[in-house]
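Peer 1: Construct the complete structure from the given sequences, taking the supplied hints into account.
Numbering (this note's numbering), first residue to last: 1 to 302.
Keep in mind that the hints are not guaranteed to be accurate.
Unchecked claim - With beta-carbon atoms standing in for the labels, derived distance ranges: (1) 40 <-> 99: 25 to 33 Å; (2) 98 <-> 272: 45 to 53 Å; (3) 267 <-> 113: 53 to 61 Å; (4) 38 <-> 265: 47 to 55 Å; (5) 29 <-> 259: 38 to 46 Å.
Hints are computed from structural coordinates only; laboratory data are not their basis.
Don't be surprised by glycine CBs; every beta carbon is placed ideally from N, CA and C.
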Amino acid sequence: MPELPEVEIVRRGLERYVVGRTIASVRVLHPRAVRRHLAGPADFEAVTGGLTVTAARRRGKYLWLPVTPASRPGGTDQDDAILAHLGMSGQLLLADPGRPLTAHVRIVFAFTDGGPELRFTDQRTFGHLAYQPGGAVLPPLIAHIAPDPLEPAFDEPMVISRLLTRRVAVKTALLDQSLVSGIGNIYADEALWRARVHWAQPAARLSRSRAAGIFGAVRDVLRDALAAGGTSFDSLYVNVNGESGYFGRSLAAYGRAGQPCPRCGAPVVRDRFSNRSAYTCPRCQRRPRIRTTGADLRSHST
DNA sequence: CTCATGCCCTGCTGGC
DNA sequence: TGCCAGCAGGGCATGA
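Peer 2: Here it is in structure tokens:
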């Protein structure tokens, strides 16, 4: 559920409320939450205790906190980092230390100032944290994650060139985090709706200008969602203070099967798309005559 | 390298 | 009322 805008909202909360503070102790309450920290939960607790958080960074849907020994404030590019991915239902919530733990709290960070704890809460446990030595600039675990459309390193002409070699559906390519990061099911559908391109359009059959239109729409929808505080369907996605965003009411296609397209009024259609869903306006987004291979060939309207 | 598939996980919903 | 199937879905391992 959390995609780039939602993760960025969380990052800003961490920047405001956690950066500059020193971790006193860490408790891992569920080992799965640190499954990618190969040395295990006890090691995660041991290595993170006593460190000062110097920044809050993000690429795509990943975020990380560069840390430095409390004795050496400031931080350098060689510092380590605590990497986080929220998965489907992960939250990083501030809570006063006296407050009882809510359901699904997986990791608790307490700070030396005695102020609010940081609690990694995750119902479905698809999210995870890991300690990344030398990961301050770019954690090794995410070296394969491509720049996202809102960062300076995003090279649109290069990404379009790569996109145009893919024979999969354009939506499949947009969801490939090694091509472009930060886009999930919601914003892929919303961007394609804005660009008037059908999800099943083979990427390689797009014109370069059409592809540029898609990335323009991607940037627009990500920025709009960010300005609205992100998309929340329920209490699963919230910022560090537990507050919901309100972009959900601005969605044009995603989750709106049977409801009128805001542009032309035709009922939005839901298709099966590799064990997920794809929402399109059947009038604004014409289905390609030639379909792509594999799962896309077998997809069908419901 | 590209592409497809299955798995991880819990809570909610709808059908019977 | 209870049970179960289906759905939500990001990322990674695996195999072709």
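Peer 1: Each hint needs a verdict: does it hold in this structure or not?
Peer 2: Status of the hints after comparison with the structure:
For residue 40 paired with residue 99, a C-beta distance near 28 Å keeps the hint of 25 to 33 Å intact. The given range of 45 to 53 Å is respected by residue 98 and residue 272, whose C-beta atoms sit roughly 48 Å from each other. Separated by about 54 Å at the C-beta atoms, residue 267 and residue 113 satisfy the suggested range of 53 to 61 Å. Checked against the hint of 47 to 55 Å, the pair residue 38 and residue 265 passes, with Cβ atoms roughly 53 Å apart.
The hinted window of 38 to 46 Å between residue 29 and residue 259 holds, with their beta carbons roughly 41 Å apart.
Against the hints set out earlier in the document, no violation occurs for any number.
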